[in-house]
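J.: Model the full assembly from the supplied sequences, consistent with the hints where possible.
Number of protein chains: 2
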Amino acid sequence: MSVDSAAAAAGAYALADDRPVRFLVLADGHFGPMTSKTANACIRYSPDRVVGVVDSVTAGRTTEQVLGFGGAIPVVATLEEGLALGPTAVLVGIAPAGGQLPQPWRETIAAAARRGLDVWSGLHYFLSDDPMLADAAAAGGARILDLRRPPADLVVSTGRVRDVASTVILTVGSDCNIGKMTTQLQLRDAMRARGQRVAFAPTGQTGILVEGWGIGVDAVVADFIGGAAERLTLQGATQGDIVLVEGQGSIVHPSYSGVTYGLLHGSLPHAMVLCHQPSRTTIYRNDWVPIPPLKDLITLHEAVAAPLRPAPVIAIGLNTFDLSDEDARAAVERAQDETGLPATDPVRFDPAPLVDAITRFHEARIAARG
Amino acid sequence: MSVDSAAAAAGAYALADDRPVRFLVLADGHFGPMTSKTANACIRYSPDRVVGVVDSVTAGRTTEQVLGFGGAIPVVATLEEGLALGPTAVLVGIAPAGGQLPQPWRETIAAAARRGLDVWSGLHYFLSDDPMLADAAAAGGARILDLRRPPADLVVSTGRVRDVASTVILTVGSDCNIGKMTTQLQLRDAMRARGQRVAFAPTGQTGILVEGWGIGVDAVVADFIGGAAERLTLQGATQGDIVLVEGQGSIVHPSYSGVTYGLLHGSLPHAMVLCHQPSRTTIYRNDWVPIPPLKDLITLHEAVAAPLRPAPVIAIGLNTFDLSDEDARAAVERAQDETGLPATDPVRFDPAPLVDAITRFHEARIAARG
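If you're matching them up, the sequences are chains A and B in order. Note that the UniProt record's numbering gives residue 70 to position 70 of the first sequence, counting from 1, and the numbers run on in steps of one. Note that the UniProt record's numbering gives residue 166 to position 166 of the second sequence, counting from 1, and the numbers run on in steps of one.
Any given hint could turn out to be false.
What the hints assert, rightly or not - Covered by chain A, per the in silico footprint, the following chain B stretches (three or more residues, Cβ under 8 Å):
no.: 1; segment: 62-76
no.: 2; segment: 149-160
no.: 3; segment: 261-267
no.: 4; segment: 285-293
no.: 5; segment: 334-340
Calculated from the structure, these hints are not laboratory results. By construction, the Cβ of each residue, glycine as well, lies at the ideal position given by its N, Cα and C atoms.
T.: If you want it as structure tokens, here you go:
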């Protein structure tokens, strides 16, 4: 695997290559369904590229046993054990709040780089700017790839996406870390299986890792959030009649709402899919903020979109991973009853209700354009 | 004048010093009421520190003649003429969309630095990172101060401002470049004249220049917009019973709304003052976006604040600089009638209606806390 260096410098990664990449995922102490988002998406959507996970807590189990997917990929306790699995690269598999690199990880990453393994990272903290890691990589002949490093030539958004013919669908959420990327990837795969020409526009390090291009919109200079979203949407429109833009955060999240909001006004979606985890009642790590009812969230999203480009919420994507099958089905029915919209958990169940809603919306929009 | 270098590195500028600074403001081709925001605020709020303005278009006039304030400060055509006025520093007096430095300005700034003048800049483009300018400054023994360079240790916001006792007031707007900073500075001065203990929390390069501390929230990494706003509000609360947070952009501005929204959710105001320019009907440089009616803007702002901390809009600040006295008075009355709130132009008229509204709100809040 090689990354075109000019594209990498611009923040656009072309991951396709003849040489296979074999990731050893670093997630020590944090490997689990809710704590290793980057690792989990890579394991779910690119399991062939993962040879193992380092986590001393769950060592001895498989990713299937820890996450419920990923098959027999082993979890090992140490970097040394992981090296025996034949990786070509390590992947920093978590993205802690604030993006700082836990100090013990620096040592592990440096050791891997000295052994010649490339280092892939989606952290805010750019590993290639860390002299110790840069020295280790140089010593080992390894590369450090910071997926979140933004393009150097971003500009502010100016509504240019209004010129494209494609239908733009944005996932929004009642909270962060709730399935906005996963929903779009499930929809992408289901729509491609139907023969639809669809593009996924990645806005975070994990999506970039899965798709091979994108911009981490939370890592750009704040004035350019909208401009990054605009560029991603325009790029997606060259690849699909329907562009599925990866949402970020929530417009009611006290830490990340600025990014969420700028992404909404930069991508100017024609319609939105609202993602929610029924078991949550307050915002993740901010229990002083109650999650509003779904109907109120729909009203709020439609109200803030309207002054620039009116966009309805047309479906609900639920994340029911922590519910029984019976409770999950009840949650889907309750969401449908509460909102009057199609709903499902697109990972646990058939994503068809969401695919149908988007397809109907797209076809009606095309028909209205004549 | 000296800037504490550690504070400067952290983005917090301590401008107070025994040595007087004498600015020559660079605004060539852009000096005017609507085009040189940074220059204008410096001239309005620190006229004693400005010896002249360079602008070949309005050269020969005074700032009073061009802007309507600033007295007899002369506008000259060239840097050479300006040097005769005895400046100690040049101030880059405009902040173009996107923050890029116009190429001819680089030459002028380098020439000034080579002559030993310090360079103050609020641009996104950090002048101290420009090798040509850094070399020129080194050659002239001058310093380059990038007011927008953010602190290196920002974190995400987590609602910590809920712990402070001070009343937090944020200006919001129907558009960018409409008077959100100016309104707060007029209120600051009027409240201080009444003996109230009030702080102004600067969120942009011009406010930082005027007040002597602050963070340019549009220049931070996007994930930290809220965290920067939180830090500024906490800092302001150490200085005032009432904290006037400088607003940025607009939640209906297609380029800047993400910053505006993150600032709102990071500062968590108790109440908002809505700023508007009656003569505008569409968003600045984005005429595809109509400015919603004031009542709709109030509803929208209160709706997006409510999930985190309910905050009413309690007054309207108008910018009537381009209206006749008669039309300005009519605009104030119309805004009052439309919204049922106190309104005035706090620059043109007595800011008392806004000061009274904030004072009443603050006193009622203190009384309710017991």
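J.: In terms of beta carbon proximity below 8 Å, does the segment 285-293 of chain B have 3 or more residues touching chain A?
T.: holds (count 6)
J.: Apply the coverage criterion to the segment 334-340 of chain B and chain A: a residue qualifies when its Cβ sits closer than 8 Å to a Cβ of the chain, and three qualifying residues are needed.
T.: With 0 residues closer than 8 Å to chain A, the segment 334-340 of chain B misses the three-residue bar; violated.
J.: Are there three or more residues in the segment 261-267 of chain B whose C-beta lies closer than 8 Å to some C-beta of chain A?
T.: holds (count 5)
J.: Residue count check for the segment 149-160 of chain B against chain A: does it reach three with CB-CB under 8 Å?
T.: holds (count 5)
J.: How about the segment 62-76 of chain B: do at least three of its residues have a C-beta closer than 8 Å to a C-beta of chain A?
T.: violated (count 0)
Of the numbered hints given earlier, the model fails hints 1 and 5; all others are met.
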